[in-house]
Structure formats: structure tokens, C-alpha cells
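Chain A is already provided as a structure; the job is to place chain B on it using the hints.
Here is what each chain is made of, one letter per residue.
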Amino acid sequence: MLEIRNLHTSVQGKEILKGVNLKVNAGEVHAIMGPNGSGKSTLAQVLAGRETYVVTKGQVIYKGNDLLEMDPEERAREGVFLAFQYPVEIPGVTNTYFLKAALNAIRKHRGLEELDAVEFIALMKKKTEILHIDNSLLSRPVNEGFSGGEKKKNEIFQMAVLEPQLSILDETDSGLDIDALRIVADGVNKLKTKENATIVVTHYQRLLNYIVPDFVHILVDGRFVHSGGKELALELEEKGYDWVKDPDTVSA
Amino acid sequence: MISETLERYKSYFDAFEKSMNGESASAVHARRREAMKMFLELGFPSTKHEEWRFTNVTPISQTQFQPSTLSSIADVALSQIERFFLKEADGSRLVFIDGLFAPDLSSVDKKAQRITIDSLANALKGNVSAVETHLGTTAAFDENGFVALSTAFMYDGAFIHVPDNESVANPIQLLFIATGDSQPRVASPRNLVVVGKNAQVSIVEGYYHLRDQSYFTNSVSEIVVGSDSIVEFDRVINESDSAYHVSGIHIAQKASSVFTSNAISLSGLIIRNNVTAVLGGEHAECTLNGLSLGTGAELIDNHTAIDHASANCDSHELYKAILDGKSRGVFNGKIFVRKDAQKTDAKQTNKTLLLSDEAIMDTKPQLEIFADDVKCTHGATVGQLDDEQIFYLRARGISLDDARDLLTRAFALSVISKIRIEPLRKKLDTMLQEKLRHGRLENA
Chain A
0 MLEIRNLHTS VQGKEILKGV NLKVNAGEVH AIMGPNGSGK STLAQVLAGR ETYVVTKGQV
60 IYKGNDLLEM DPEERAREGV FLAFQYPVEI PGVTNTYFLK AALNAIRKHR GLEELDAVEF
120 IALMKKKTEI LHIDNSLLSR PVNEGFSGGE KKKNEIFQMA VLEPQLSILD ETDSGLDIDA
180 LRIVADGVNK LKTKENATIV VTHYQRLLNY IVPDFVHILV DGRFVHSGGK ELALELEEKG
240 YDWVKDPDTV SA
Chain B
0 MISETLERYK SYFDAFEKSM NGESASAVHA RRREAMKMFL ELGFPSTKHE EWRFTNVTPI
60 SQTQFQPSTL SSIADVALSQ IERFFLKEAD GSRLVFIDGL FAPDLSSVDK KAQRITIDSL
120 ANALKGNVSA VETHLGTTAA FDENGFVALS TAFMYDGAFI HVPDNESVAN PIQLLFIATG
180 DSQPRVASPR NLVVVGKNAQ VSIVEGYYHL RDQSYFTNSV SEIVVGSDSI VEFDRVINES
240 DSAYHVSGIH IAQKASSVFT SNAISLSGLI IRNNVTAVLG GEHAECTLNG LSLGTGAELI
300 DNHTAIDHAS ANCDSHELYK AILDGKSRGV FNGKIFVRKD AQKTDAKQTN KTLLLSDEAI
360 MDTKPQLEIF ADDVKCTHGA TVGQLDDEQI FYLRARGISL DDARDLLTRA FALSVISKIR
420 IEPLRKKLDT MLQEKLRHGR LENA
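These protein sequences, in sequence, are chains A and B. All residue numbers for the first sequence refer to numbering that gives the first Met the number 0, where the first residue is 0 and numbers rise by one. All residue numbers for the second sequence refer to numbering that gives the first Met the number 0, where the first residue is 0 and numbers rise by one.
Looking at chain A on its own, in the form it has when it is part of the complex:
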């Protein structure tokens, strides 16, 4: 589904990613871990199409097409979803209005009929029930005045409504208490199918107790220094990031 080949990116002349390679197939869950400043969030943002990052080298192939050639909205319509580390507040626009506009833009792109108000409300109701999310959230302006936990739940809710093929969760666990973390993880697990894939970007192993990855990759200074199965996350938890920070001590 996704193949990242030797990806280099920089922001304001500073190189952040220094040759990232990654292959993600449908049905897989990949965890990307790494210390602060290693480039985890940069990778997530570049995949979603953030223009502040300049790709200096490399390729990203998504479902056989050049992902880097696409506008952010085109990527979203093709099934890429980024759950933001810091969801943006949009005063004056309700969640319902926003999601209806987003869903219909995606459906139109896929040649599907746009949903009318009644069909859309029914869909919302179904999705809030699956995720155990309070539906008062729907009539509130997007993320405005939301607590940290509500913002993250709202990201997962959007994911449930838009049904992406490739979901990238950028530090979705940061700032969550254990109950919120469970709800978020539970949502992600329920949405998992054989056809979609998930990339979980996280600093801590904690989330991976709930979302069990098939692969774990450790990013240090813009490169993957280690890849393995879910046990790698536990090893990292035990030994700390100092273990991987010096590339010489690790054989990938």
C-alpha cells in the first residue's frame, strides 16, 4: 500500500529526515518510535502533505501512485488520514458541518452519491455508538474549547467517519489519561480491517499495550536504526532511548 524510499526532507534548510525507508501492506499496524526531535512527526506531516517540509530526495509510492505529487486534499480523498498531534480549533464551524463537507468531498472523489442531511445524521449516530463518544461533540465547533482528551477522541471519530485506508496516528497518546487512552485505542482497534493499514507514531510504549503493532521501527536522527516485531517496543521501554541513540551500539 505504502512504500517510502530513501526519503529526505528539510525545513528552513535544516535536514530532518535523512533517508527513511518503509513498506506498509494492507492489514498491517506499524509503530514508529523515537526520541524527541528524531523526525517522527515530520514523517507523519510529510505523508499528509504539509507544505512547510521540503522533500529533497526520495519517493513515496501510495497505491502505485506518487504520493508527493498530490495535494493534501487529494491524499485525504485517496484514503490517507492523519490524526493530528495538535488538532486545530476551528471556531464557528460545527463538527457536523465540517465532517459532512469532508465526507462528501471524499465520496464525490470516489464516484459515490453525496449524503444528504438525514443520511449523514444517521451515519454520525452509528459511529458515535461504535466509539462510545458523546454526541454532544457533534454540534460543537471543531475542537474549540475541547479538552486534550476530547480533541484526540474527535480525531478518531473523524477517522471512523471518513474510513481511510492508511491512518497515521501522530502521538495520539500524548496528554491522555488512561481512560481516554483506552477509548482511543479501542476505537482504532474497532476500525481495523484487512484492507486498511495503520501507522502509530509514539514516544512511549504505553499505547502499544492497547494497539498491538505487527512491526516496530525506531527512528533516530532522521533514520530508522532498528526494526522488529512488537517485542522491540518492550525492549526499548526497558532499556530507554539511550540504548538506540548511539547508532554504533545497534545493528539494524
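Rather than coming from a laboratory, the hints here were simulated on the basis of the structure. Please note that the accuracy of each hint is not assured.
To be verified - Here are the simulated DSS-like cross-link-like pairs (lysine-lysine), alpha carbons at most 30 Å apart as the crow flies:
{"no.": "1", "chain 1": "B", "residue 1": "LYS47", "chain 2": "B", "residue 2": "LYS350"}
{"no.": "2", "chain 1": "B", "residue 1": "LYS110", "chain 2": "B", "residue 2": "LYS47"}
{"no.": "3", "chain 1": "B", "residue 1": "LYS425", "chain 2": "A", "residue 2": "LYS107"}
{"no.": "4", "chain 1": "A", "residue 1": "LYS17", "chain 2": "A", "residue 2": "LYS238"}
{"no.": "5", "chain 1": "A", "residue 1": "LYS124", "chain 2": "B", "residue 2": "LYS425"}
{"no.": "6", "chain 1": "B", "residue 1": "LYS342", "chain 2": "B", "residue 2": "LYS363"}
Positioned in the frame of chain A, the structure of chain B alone reads:
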């Protein structure tokens, strides 16, 4: 020595005076004559005048506008203007064509017999004491040449009188339609709204046009709000984009009255709105909100002055502007707090969204506070659409243009949502969406 322009208005005034019969001896006409004299002294303001620093009115003074009172009313069919009506609002509707009352296009709700909803021209024919007392006295004409000129030619408009303890259930619509026919005309609509004690009324004033021609609207509204009364006075200014609109809204509030005005400026080459409110009794509350949409070479200037002449009064102002193209916006908000007006609570906010690099906003709060126990706050921001918000929307599949439209609409709706008349909110949202196209602001 007076200029050619003033000479021309003087001769129009003489012609206007000749067209009257017995009325020229009335007290109201004495005010017109006084106002004409004042206009000849003041003339049109220049940009050297502090109040007009950002708004050059030379295009208005140089165009040979003829007062519409000197011509007969143009023939307009109901079908031409129905689209300007508020749907589902069953109240009274007065229609004015180029400033002159059109009885055939109007309809007055006869149910409330004690309430007067009529044209000013009709009211002037009877000896109505509220007219004698308040017409041309609530709006001072000794400082602003436009008010003086409008007062000199005041003749028609709406006269609304709500006596003590009466309440008008449905909003009253006042529609001012410019035909844009023949030679450029100046209309001087004059509205007089007199509300007694413990009474309530909502009024929607709408300025619309049939053709994209140059014309000039120089309107003045005088609004007297009795104690414990509630008045909402909303305005929709959707003039031709070659037209000029200068308005004066003069409000006199008594104790414990609540006045709200939401002024939405959608289109017009130069729009200048002057709002003056005097809080003349304790516990009065005055709310002035405004939204300006500018595009092309439009200039939209909102000047407000709230005079806290009594203690314990509140005033709130929220003025927003969305400017695209080479348009310009001006906001000047004066707040006077007199020496005895203790416990005043005044809040003023001005926010501008610039959609182009060439649009300009000039904003100036002006607080003059002579009391010592008051709360006065003001704030102004000028900014562009937020890149983070745009990216967030795009990352969910919404196109760049749609993201811009959505955010711009949300910015505007925060003012429109303050209107309490639901059919008006709906109409304005529709008009707004028609103007928002491909992430830009365009005149429909």
C-alpha cells in the same frame, strides 16, 4: 462664495421648496431650511477633517446627483423586488423606490391599531406631535455635512411609532430600492422611530438595487427608545457596486432600555455608516455590531460614537470586516464616558480578515473617559486566514478553495448569528455564500 456643487444643491433646494404648498410654513420645514444653511456652511467633508481622514468623498461631491424628491416615483412591479423580501416574516413592509414611498408595493399589518407604521410623507401631512418633537432634532446636523444635506431634503422614509406598553410581534421591513434609472439620483430617506415606555419592536432596513448604476443614498434614521423598551434595528446594505451610501443612525436611549443594531454592509463603492447613540438614562444597554464585506475598489467605513451620559450603562460593539481585492475598510469607535457615568461597562472589538495583499484596514478606537469607576475595553486585530486551519481542513479532503470559503463564512457568521430575526439570518447567510466563490469574495 460657495462652490458650484453647493450652488447646485441650493437651487435644488429652492425647487424643492417651491413644490411644497402650505407645508413650507411648518416647524419641520424650518428645520430643513436651517439644515440647508448649515450644509452651505459645512459643505462636503474633506480628508483634512479628522472624521473623514480615510474616506475621500470627492466622487460623491463631484457627481451631479439630482434629488429624487424632484422627480415622480419610478414604476416598479412587485415581481422585481420580491427577492429582497424576508421569507417567512409576516410583519409589515414598507417599500421605497429611490427614497419615495410606494404604497402599492407595501403592506401594513393592521392588527395593532395603536401602532403607527406609515411613510414619513404621510405623517408630515397630519400634525403628529412625535414627528414635530423628534424629526430633525435627534440627529444633530451641525457637524456633518451629509446629515445637514439629508435633513434639508428630508421628505419621505418610514415613520414608526410604538406607544407605551405596546409590542410589535413581527419584524418590520423597510426596503429602499434604487432603480438606477435615468440620471444619477440622490435619495435622502429619513426614518423616524419613536418607541414609548416598556415597548418592543424589531426593524430591518434593507438597501437593494435593480441596476448596477451610480446613485447616492444619503439616509438618516432617528430612533428614540423609551425607558424599559427593547429595540432591534438591523441593516442590510447591498447597494450597486458603483453606488455611494452614507448613513446616519442616531439613537437616543432612556433608562433601562435595550437597543441593538446589526449592520451588514455587503456592497457599495463607498459606504460610510455613522452611528451615534446617547445613553441618557441609567441601566441602558446598547449593542452595535457590524460586518463589512469589501471587494474590488470598495471602501466601507464604520464610525460609531457611544455617549455614556448616565451611570450604570453597558455598551458592546463587535465590528468585523472581510476585505478582498483592493478594498479598504475603516473602523472608528468612539466611546465617551461622562464624569457622572460611573459603573460604565463598555466593550469594543474590531476584527478584520484580509483575503488579499492589497486590501487595507484602518482601525482606531477612541476612548474619552471622564469618570473614574468604569470598565472600558477595546481590541483590534487584522489578520489573514490561518494556515494551520486550512491545512487541517485539506487533510480531511476539503479543497483549498472550499477551506477558505468555509473559514471566511465562519468569520462572518459570528456577527450574523447575533441577529435575533431568524429569516434575516438565513437570508444573509445565503447572500454571503453567493459572494464567496473559489476562496475569494466577489460581488454577485
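Each hint tested on the structure:
no., hint, result
1, B:LYS47 - B:LYS350, "26 Å, holds"
2, B:LYS110 - B:LYS47, "52 Å, violated"
3, B:LYS425 - A:LYS107, "27 Å, holds"
4, A:LYS17 - A:LYS238, "25 Å, holds"
5, A:LYS124 - B:LYS425, "27 Å, holds"
6, B:LYS342 - B:LYS363, "24 Å, holds"
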